[in-house]
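Enquirer: When we follow numbering that gives the first Met the number 0, the leftmost residue of the sequence shown carries the number 0, and every step to the right adds one.
If you are wondering where the hints come from, they were derived from the structure by calculation, not from laboratory data.
Check before you lean on any hint, since a few could be wrong.
Said to hold, decoys possible - Derived DSBU-like pairs: lysine-lysine, alpha-carbon spacing no greater than 35 Å straight-line:
1. Lys-181 <-> Lys-199
2. Lys-146 <-> Lys-250
3. Lys-199 <-> Lys-15
4. Lys-15 <-> Lys-250
5. Lys-200 <-> Lys-146
6. Lys-199 <-> Lys-146
7. Lys-200 <-> Lys-15
8. Lys-193 <-> Lys-181
Claimed, not checked - Listed next, with one range per pair, are the computed distances between beta-carbon atoms:
9. Pro-17 <-> Glu-209: 28 to 36 Å
10. Ala-11 <-> Glu-106: 29 to 37 Å
11. Ile-25 <-> Thr-205: 51 to 59 Å
Quick reminder that beta carbons are idealized off the backbone N, C-alpha and C, glycines included.
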Amino acid sequence: MRILVCIKRVPAPGGKLPLTEDGTDIDTRHIGFTIGPHEECAVEEAVRLTDEHGGEVTVLSAGPPDVEEQLRYALSMGAGTGVLVEQTTRAPESTATALAETIATLEAENGTFDLVLFGNESADASNYQVGIRVACALGRPVVGGIKGIRISDESTQVFLRREGADGIETYQAPLPAVAAVKEGLNLPRYPTIKGRLRAKKAPLRTIRPEVSPGNLRTLRLRQPPEQEQETVVLGHGADAAESVVDLLARKGLV
């Protein structure tokens with residue numbers, strides 16, 4: 000079984016993202032980057048599936064040369080091959096086109112990927128569309144929001160499970176297929192020293208497709224307003240009793 004996982008380099012969560020002076024991009028000079036949590040679960044699931052059914056895992060990412068860091072991390076988790084698609088635009092339309100063309104090239108060389116996995120949405124832009132665009136370009140069935148994957152014993156069908164408003168939904172699709180997975184699908188492994196050393200020496204393939212920048216343009220980015228918290232002292236000792244009762248009354252608690 001051949002599985003391809005598309006990953007994205009995103010700013011590490013937990014911190015405030017600084018913007019460039021003109022407000023059109025993120026100032027990346029002093030922030031760390033990582034794989035999005037959805038994509039990390041996708042890599043883990045691909046490695047588990049190939050451990051169970053045999054085969055190989057390829058990881059693919061579009062972006063600047065710095066994406067090599069995230070590709071090598073995915074390789075240290077157990078993926079076998081890494082491919083970097085160099086491009087500067089981050090528009091989902093052009094990214095999907097670049098990925099679809101690269102996948103078509105890789106499949107023409109070595110055969111069709113049985114399963115292509117994406118994160119349900121990127122951790123930074125949350126566009127929810129690259130995986131669907133790629134699936135449509137390749138002419139393959141796609142299901143999003145996945146939290147369970149099972150391959151049939153004959154490796155001809157995939158069963159995809161996701162949580163719906165009324166319960167659990169299960170989809171059956173013929174292979175090859177595309178799935179967009181969500182965090183919580185599994186618990187990603189922590190790379191071993193052996194895995195990191197192997198990934199550090201592994202060759203990466205670089206592809207530079209000529210793709211239109213698409214129709215989406217970034218005009219300006221803005222920081223969300225900061226939520227200020229204020230502490231109000233209601234009083235001290237017995238003198239605060241009246242203020243406390245008034246507050247509880249306003250909250251509908253008394």
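Enquirer: Could you check the structure against the hints above and give me the numbers of any it violates, in ascending order?
Expert: 2 and 11
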